[in-house]
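K.L.:
These protein sequence lines map, in sequence, to chains C and S. Here my numbering is used: the first residue of the first sequence is 1, the next is one more, and so on. Here my numbering is used: the first residue of the second sequence is 151, the next is one more, and so on.
To be clear, the hints were calculated from the coordinates, so they are not data collected in a lab. Any given hint might turn out to be false.
Lysine-lysine pairs mimicking BS3-like chemistry, simulated, CA-CA at most 30 angstroms apart [claimed, not checked]:
1) C:140 with S:192
2) S:192 with S:231
3) C:140 with S:235
4) S:231 with C:140
5) S:235 with S:189
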Amino acid sequence: MWHNQAIPYEADFSLNGNLSELERLAAEISRFCRENILDDEAEFQLNLALEELFVNTVRHGGCEGAENSVRIHLLAAPDGVEVEFADRGRPFDPTTVPPANIHAPLEERHTGGLGIHLVRGIMRDMHYRRAGDWNQTSMKRPAVVAPRNL
Amino acid sequence: MIQVTEETRAGWCIVGVRGRLDAESADELENALHAAIWKHTKVAADFAAVDYISSAGLRAVIQAARAAEGRDVEFTICSLKAHVKKVFDMSGLHQILHVQGELPC
Chain C
1 MWHNQAIPYE ADFSLNGNLS ELERLAAEIS RFCRENILDD EAEFQLNLAL EELFVNTVRH
61 GGCEGAENSV RIHLLAAPDG VEVEFADRGR PFDPTTVPPA NIHAPLEERH TGGLGIHLVR
121 GIMRDMHYRR AGDWNQTSMK RPAVVAPRNL
Chain S
151 MIQVTEETRA GWCIVGVRGR LDAESADELE NALHAAIWKH TKVAADFAAV DYISSAGLRA
211 VIQAARAAEG RDVEFTICSL KAHVKKVFDM SGLHQILHVQ GELPC
């Protein structure tokens, strides 16, 4: 029996510890958003949050040069995109990083810390746990405007 | 991947940027802005064709703004697309950088 219920497209992919993987990350997110009919802003923000987390593992987590050091799972739910980000880097809990001072003048701006600040600005319901050699962070990018026809 | 152009117009050096400003391409932007700031007294970064920016791109802009301040160079960032502007706003950069809607000339 045919039915019209679309099978939700979930993204599930690994990245190597190399910044050249950013291109593949962008392509995976683009495909995920296209398949789930998510708008440009959702694509932009998912890309931004995932780039920040991924780049942190390469630059600070010790994942540089490691194969399949990051795994990402994306699932579109009616109220937003559920994101699971796992990496084999040093233990790092992004939910406990002190907030960046975004009111500091130019000369006092620390150029670090901004990435996680942006992740926390975009994502909600962030939870972290360490499981074996893996950092596992789950979070949600909320749908700002409720899509029609749902 | 980004493409950077440079042209001089009415006393301003216009640095045109096209593409995605991510952790891989941010150094290229920083180098281009530093080169312009070194040679000119008024520099405008034209972001009309920048589709994406992450904290690495912001960092390049902050470093360029600092270099400009140190050399007494006028530095402005122009024509941000809405999603890109939102990242500047979320970071509080609109308060400490000269961000304007249109090119100065």
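K.L.:
Which numbered hints are broken by the structure, listed smallest first?
P.N.:
Hint check: 1 fails alone, others pass.
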